[in-house]
Structure formats: C-alpha cells, structure tokens
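Trainee: Each chain, letter by letter, is given below.
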Amino acid sequence: MELLMSASSSQGSLIRGPRWLTAHALAVFAFLYLPIAILILYSFNGQGVGGFPPRDLTLNWYRILFSDAPIWDSVLNSLLVAAAAMLIALLFGIPAALALDRAQFPGKALFRRLVLLPLILPGIITGLSLLMLFRVAEVKLSLLTIVLGHGTALISVATTEVFAGLQKLNRAQEEASLDLGANHWQTFWRITVPNLKLSIIGAALLIFTLSMDEIAVSFFLIGRDNTLPLEIWGRLRRGITPEINAISTIIFLFSLVAIVFWYRLRTRAAPG
Amino acid sequence: MATTTEPAVATGTRPSSTSLLSIRSVAKHFGKNIVLRDISLEIAEGEFLTILGESGSGKTTLLRILAGFEQSTAGEVWMSGERLDTEPPYRRRVNTVFQSYALFPHMTLEQNVGYGLQIAKRPAAEIESRVAEALAKVKMSTYAKSKPSKISGGQQQRIALARALVNRPRLLLLDEPLSALDANLRRQMQVELKALQREVGITFIFVTHDQEEAMVMSDRIALLRSGELEQVASPREIYNRPATSYTAQFIGHTNLLHADISQGTATCGTLKWPTSLPDGTTLFSLRPECIRPVSAAPTSNATVRFSAALRDQAFHGATDLLRVESDGGLIFTIRTASRDLPEGPLEFEFSAADAIPVRATSLRSTSEERV
Amino acid sequence: MFSRAYRTAVTVPPLVWVAVFLLVPYMLMFCYSFWSVSESGTIVHSWNLDNYHELLTKPVYWETLLRSMWIAARVMFFSMLLGYPLAYFLSFHAGGRKDLYYQLVIIPLWVSYLVRAYAWKTILGTDGVLNTLLQYVHVTSHPLDFLLYSPFAVVLTLTHIYTPFTFLPIYAALEHIPRNLVEASHDLGATPAQTFWRVIFPLSIPGVLAGATFAFVLSLGDFLAPLLLGGPSGIMISNIVVSLFGAAYNWPLGAAISLCMLALVLALIFFSERLEKKWSFS
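Residue numbers (our numbering), protein chains in the order written: chain A, 1 to 272; chain B, 1 to 371; chain C, 1 to 282.
Because the hints were derived from the structure by calculation, they are not lab data. There may be inaccurate statements among the hints.
Claimed, not checked - For lysine-lysine, the following BS3-like pairs were computed, each having C-alpha atoms within a straight-line distance of at most 27 Å:
#1 K150(B) with K139(B)
#2 K108(A) with K277(C)
#3 K137(B) with K147(B)
#4 K168(A) with K58(C)
#5 K98(C) with K32(B)
#6 K278(C) with K197(A)
#7 K147(B) with K121(B)
#8 K272(B) with K194(B)
#9 K197(A) with K98(C)
#10 K168(A) with K108(A)
#11 K137(B) with K121(B)
#12 K278(C) with K168(A)
#13 K150(B) with K137(B)
#14 K194(B) with K121(B)
#15 K140(A) with K168(A)
#16 K139(B) with K121(B)
#17 K277(C) with K137(B)
#18 K150(B) with K277(C)
#19 K145(B) with K121(B)
#20 K147(B) with K278(C)
#21 K140(A) with K197(A)
#22 K98(C) with K147(B)
#23 K98(C) with K145(B)
#24 K150(B) with K98(C)
#25 K108(A) with K98(C)
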C-alpha cells in the first residue's frame, strides 16, 4: 500500500526539491573530487606541481616512478602487512562478533567498548599505547609491530561488519540445522559462515584497503622498513616531488577498482 | 468500462445531493503499468463511500491521488467547484488516516493531534481546546501526554483519526485503517467509525479489500477491479443486483449458472426457468440463501426444483453453508439454518426471480465453483 | 542454544587479544604518565605528578589544546554544513539514482588520506594551482600566502577528509525515517520546509550527533594535516605529543598528554551517546 511510496519524486509529484539543494549537492561533489582530479591532471604535467594551466603533458613522472626502487620495496611491504593484518583482524574479529551476538559473560560491556574503541579513537593514541607496550616488552620495532598495530586497530572493522551481518542472519536457519542433527561446529561451517560470506568479504576488502593507507598508527611502530604511506610521507617532508602525483594517481585507480569490485559483489549477492 | 447503476443521488442515505468531489476520467500509469483506467465518480457531501477492491486493483493509488501523494497521468479532480489535483497535499482541505497510522514518534499524542492546527497557526487556546475535544471524541484523553510507542495499535489508530479530524477537513480519506486490528476490535471500530461519520457529517472515503466491512459501513460502495470501476451502488443494491459476475462473486457468496435462453426459457443442465431475456447464453447469479429446502407449498413454473447429494456442510454459527451436487452434476452452495441433515438425497428449490442475470467479467479463482 | 564450548571458543581469543593489545597498553600509558625522564635520557620509574603539574601550569599546552579544539570544532561545523544537505538530497530527492550517488560519496573515502592532504598542499601553495589560477585570471596580483601553512589549510583539508564521515551516519538516520511520516506531515498542511524542521530533522539528530562526534574527535587527534599544511600557527596538540616521542624525547610527558586526550575523547563519546539515546525514537 504505502509501498507505492515516494518514488514519487521521479514519478511526477507536486513537490519538488528546492533548486539550491541540487546546486549544493553538486558543489559538495566538486569539493570532494577536485583535489583528486587536480592530482591526476598534474601527474602528467611536465612542469611538475604548481603552475596553471598545466603544460607539457608527459609520462615522465611515471617513468621515474617505475625505476624508483625504494617505492616498490615499500609497496611490497605494505602488501605483506595488509595481508597479515587482514588475517589477524578476521581471525579475532569474527569470533568477537559472534561473542557479542550470542554469548553472555561478565565484562561483556567493557569488552564491546574496547573492541570498538579504535574505530573512533585518533590513531595516535592507539599507536602510542602500543609503542609503550613494545618498549616495555622489549620488542624491536619492525614490520611485525606494524602488523600487530594494524590488526588491533582493524579488528573493530571486522567485528562491526560481521556483527551487522549476524543481525541480518535468520536464526531459524541455525536452529533448523541443529534440529536436523548437525552439531554446533558443523552448523557453524555449513550454515553460519556461508551466510556471513558477504560480510566477511566486505570486511576483508575494507581492512586490506585501510591497512594499505594506514599512517597514524604505523607512524609510531615503524622499524627499518617502510610501508608505502610512510615512504611517501618521508619524501613529502623533504619537499614536493611530482613523482608523488604519479603514485597517488595509481593508488587512486586501485581504490576505484576495489570499490567497483566491492559494489558489484554487494549488488550481485543481495539485490534490492 | 465503468458501470454505474447509480443515478445522481445515492439511495438509502441522507438526502444530500450536493456533489463535493468530482473525479473525471482519472488514469494513472507507472511506466508501462496501467494502474487506473478512466475513473469517473461523483461523491456527495456527507457521504460515506468505500472504494473496495483486491490488492492490485488500484484503490490505494486512487486514494493517494485524492490526497496529493501521486499525480494522475490523465484526468482531473475537482472539489466544490475548484480544481483539486493541481494543488500540493499541504494546500488541500483533505486529510488522510494512514494504514500504518504514521504517528510522529518524537511527539506526544497531544502534539500529534495538534500538529495540523499548529501549522495553520491557530491561537494556542484554540488548539488546546480543539485537541482536548478530539481526544475525548476518540476516548483517548487520558493518554494525551504519552508517546506513540507506548500505546497499542488500536489506540494509535484512534489518534490517527483524531489528528485528521481535528482540522475539520472537507474530505477524510482512510487507507485500510482497520486492517491491522484483530477481528473483534475491527468490528467494534467499524461501528464507531460509522457513528463518528454521522456525527461530524464529513465526507469519508474509505479504502478496503474486506467486502463485509464495506457493506457494514458504507452509504455507497465503488468496486474497483484492475483499475476500472466495476459497479458503484449502495450495499443493498450491489448485493441484490450485482451487475457483473465479478461483483456477484466478490461480494458475498454466489452460484453462477451458465444458461442457454431460448424462447423465454433459460436452461442450465437439467434446470429450467422462465425469463424475459432474449435468446442467447447468459450468466445468472443465485445467492446461496435464495436456495431453500423444498417446502410443501404448491409450485409454479417460476420455482425450480432439484435434488442433490450433500458433499460438505460447514458450520457458521447461525447458518450452515452446504455444498451439494445436483442430480444434473452441478455444484451448488446453499445457506440454510444450522441443523442436522438427513441421509440420502435432499430436495431444494429456488425462485426464478432470484436468478439475477449478470455480465460476465473475468473471474478470480476463488472457492466458488463455476457451473 | 549455543554450547559452552562454542561460547568459550568465540569469546576467549578476542578477549585475550583485546586485553594484551588494548587494555594493557592503556594501562602502561597510565603508568608512564606518572614517571619522568632523567637528564641522560632514560625513563625513570619514580612515581610523581610532575607531568600533570607541567600540563596545568605551562600555558603552551592549554593554548594548543584550545586551538586544537577550535580547529576541530570548525571542521565539525563545516563538514556538517556540507554533509547534511548532501545526505538529505540523496535520501529524499535522488530517486532511482540514490545508490549511484551514494557510491560517489564513498569513493573519496577509499583514496588515501595522505594523497588527499598532499593534493591540497599542491593546490594551496604560493606556487600552487589556486594561486597561479587566481593570478592567471587577474583576480589577485600576487600569491596569497595564508592559504597554506595556516589553521585555514588544516581546517579545509580535514573538512575535505571528514565530510564523507559525517555524511554516512546522517544518511543512515534519514533513510531510517518512514516516508509515510513525511506524507502525513504534508497531509496535515505542512510545507516541505516545515516538514523538515518539525519532523525530519528531529528524527535525524542521532545521526547528526554520531557524525559530529566522529569528525570532532578525529580532527582533534590529527597530527598529519598540521605537519603537512599547518605551519607554525597550525600546530595541534597531537603534534606536541609526536615531538615528545621523537626529538623532544619525553615519553612520560607525552603519555600524560595522550591520557588526557583519551579521557577527553571518552567523555565526549559518553555524552554524545547519552544525547543520542535521548533523541532516538525507534
């Protein structure tokens, strides 16, 4: 009945949105995309950064980029860290979501707060507190410490996504499985996990991307080897080089691919 | 094509013949989907009209067009001599009672009811008194300061009603307001709503799929089928003189007899009765209560008799609904006073006058058997 | 329904991890804040309140904290100004293209923070795109130097970063509002503007609070944007902490400031959640 609702804005209703609202939305989109557009544009600028309008369109910066070994080392490091962090976050985040959804235990409220805290806490606090831990435990800073830091911070992402997926899960399915003779372990793998597939993959993708871009926590836990953001950061401190535009454009393109992929995944599995 | 067996004045109602609302050839398409076709209807001042139809018949769409939430694809709506459908909903003197009540969760019931008056910038004292009056009329005065989440569905429904009526609209639209209530509450509300409408004298347009509800409450029923008006008439008229087979089947139970007419006699299987209709084939509608067990009174050729074997007997409290198979192989539904029936074949009869000829329109697949 | 073994299996590992990597570090931070650093640069584990005394008496800390809060407040305000109408537009006026626009808002979130901050740096510099453009079209005759290395640049960049973050919870809250409430309001005579202020906005407040808190808290603790774009006048409290863990080598003092920040953030989250609960009606 009222389901024939307000697609009315596109069906010809007597109520139209104010014009300034549309203009405002356009302006915000422009604001959000402008820097990215400029970045991409200037990565082809022969003059490097600055100057208007851009001249001497060239692929020079990309060529320089590709022969820049330290950058690619850091890319490799970032990929390793992201993969490891993703594993940790899922390994601990999925059970955490299950525990929050299904188990009652003393201190559950505190547990919930702690798990979700890194989501809203500035990265510096997470990073520094872990730094102090490693100092006291006399653990040398390295890619491992960065992995531990990312994992800790990103468990909250895994937990949130999987928890949301659990809320949507039809409890009756699991009950039916138990009723038909499967035990908890079997039910978990045959019923629960397949239903959570979408949430888990979404979480994995998100965690991987966030880890690749992470800098606030990594800043304090870095050893000898740089991750990509930290490598870029180091160069930025020394001055702007147009190469950065080039690598930034490449990062943007990868992000774009990742999100299109994620979007396709979501709409394919859950239409409507 | 719309079939209006209705002259300008509604029968059996208050003698008001001033037309309040004029719906002229209204049509509505959603892309390729035609939801309403060429609807024309005049609605009288102070009338209680029910738009009756199955889901998908377009009844809610029609209501939403009157409220202003949808715009018609073609046609016009006029109210009291002024064009209505070009106005946005907030400028119409029309109010709606929503199916899901749509009470504002962040306001008290008092504030909900007074919302329209607040918007109209009435003085505070006036708002207070009118709200109190409205709440009293729906018997919800003690809950004035509560929030919607704290009251039951039936109570929310009353508040939704009060919120609409307090603005004294010229027309009140009710979109299946009773469908979420359980059966007893529903019956009670039907009576109360009817009384309320009589009391305030406002024109009500009520949408429902429940034909019993429609018959209990309405001055007139507009039966909608697949976006077209099938019949518009008073409840009595629509029950006793259905115009089409669809109407006969949708409202109440019926038996449909497929008869061949030749020289003044209608023949259906082994049954014959006199008729004044021209030669050809015609559908006749025969209400179950018109078939009675054979009495000892002498028959004329206007009384049709048949014997039948009992196939099923359903207990309905005061009456029974019987399914019988006649000796000619026809299945009949018969309503009789509830009692135990003897074994063996039973004798039934009906008067020829009770077989009403109807136009054949597409039948829904129901429990009614087509003969 | 869930056996004890199952429940233990899902509860213990995350509990252990959280205890080791979240609870213990915070407790360590707490301890550090009461220690001091010796002349030779080693951490002395003697318990005292020196650090807190330092924080309370030296004005530089208060000033920086207040400046940071002012920057965070402006970021919160502007990202709300940008994010709310956008969310409203998407939710109520975007029709069938709603999903597409939503994805368009999310995409910048997936682009590296560093990349976006860097982009603003190239735009705002004296030799940057904006300045050369303005001179090119003869709006200005010489470069504007307040654009970069100023609080303005920090606010601008952080607003850019956090607008999608304020958009998300507001959009979710708006989507949650049943459309028949809007219709009911119109039916009762309220124009779209009146409907917005009386019905839609009040029901969206929890989303607004969530977004505002997020933007404020994360801006407050940000140190990267100030380092890149803030210049000497744009130093924020986290920058002080960073230097205390770096060149200025005073971990205990840094821990004290961090602890204060943590306390402040927790307090803000607490109050925000209380308010959200008060304003949630479903």
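Trainee: Compare the structure with each hint and give your call.
Mentor: So, going through the hints one by one against the coordinates:
1. A threshold of 27 Å between alpha carbons decides the hint, and for K150(B) with K139(B) the separation of about 16 Å falls inside it, so the pair holds.
2. With a C-alpha separation of about 20 Å, the suggested pair K108(A) and K277(C) falls inside the 27 Å cut-off, and the hint holds.
3. A hinted pair counts as satisfied when its Cα atoms are at most 27 Å apart, and K137(B) with K147(B) qualifies at roughly 19 Å.
4. Distance hint between K168(A) and K58(C) is unfulfilled; the C-alpha atoms sit about 53 Å from each other, more than 27 Å.
5. Proposed proximity of K98(C) and K32(B) is supported: the alpha carbons are some 22 Å apart, at most 27 Å.
6. Only pairs whose Cα atoms come within 27 Å are accepted, and K278(C) paired with K197(A) is rejected, the gap being roughly 35 Å.
7. For the proposed pair K147(B) and K121(B), the alpha carbon gap of about 23 Å is at most 27 Å, so the pair holds.
8. Distance check on the hinted pair: K272(B) and K194(B) sit about 43 Å apart at the alpha-carbon level, beyond 27 Å; violated.
9. A C-alpha spacing of about 25 Å is found between K197(A) and K98(C), which places the hinted pair at or below 27 Å, so the restraint holds.
10. With a C-alpha separation of about 21 Å, the suggested pair K168(A) and K108(A) falls inside the 27 Å cut-off, and the hint holds.
11. At roughly 23 Å between alpha-carbon atoms, K137(B) and K121(B) fall within 27 Å of each other, so this suggested pair holds.
12. The straight-line distance between the Cα atoms of K278(C) and K168(A) is roughly 26 Å, inside the 27 Å bound, and the hint therefore holds.
13. As the CA atoms of K150(B) and K137(B) are separated by approximately 20 Å, the hinted pair is consistent with the 27 Å bound.
14. Proximity of K194(B) to K121(B) is assessed by CA-CA distance (about 31 Å); at most 27 Å being required, the pair is judged violated.
15. Distance hint between K140(A) and K168(A) is unfulfilled; the C-alpha atoms sit about 43 Å from each other, more than 27 Å.
16. Distance check on the hinted pair: K139(B) and K121(B) sit about 26 Å apart at the alpha-carbon level, within 27 Å; holds.
17. The straight-line distance between the Cα atoms of K277(C) and K137(B) is roughly 34 Å, outside the 27 Å bound, and the hint therefore fails.
18. A hinted pair counts as satisfied when its Cα atoms are at most 27 Å apart, and K150(B) with K277(C) qualifies at roughly 17 Å.
19. A threshold of 27 Å between alpha carbons decides the hint, and for K145(B) with K121(B) the separation of about 21 Å falls inside it, so the pair holds.
20. Only pairs whose Cα atoms come within 27 Å are accepted, and K147(B) paired with K278(C) is accepted, the gap being roughly 14 Å.
21. Restraint check for K140(A) and K197(A): the C-alpha separation of about 37 Å exceeds 27 Å, so the hint is violated.
22. About 32 Å separates the Cα atoms of K98(C) and K147(B), which puts this hinted pair outside 27 Å; it is violated.
23. Straight-line distance between C-alpha atoms of K98(C) and K145(B) comes to about 38 Å, which puts the hinted pair past the 27 Å bound.
24. Straight-line distance between C-alpha atoms of K150(B) and K98(C) comes to about 34 Å, which puts the hinted pair past the 27 Å bound.
25. Using a Cα cut-off of 27 Å, the hinted pair K108(A) and K98(C) is violated, with the two alpha carbons roughly 38 Å apart.
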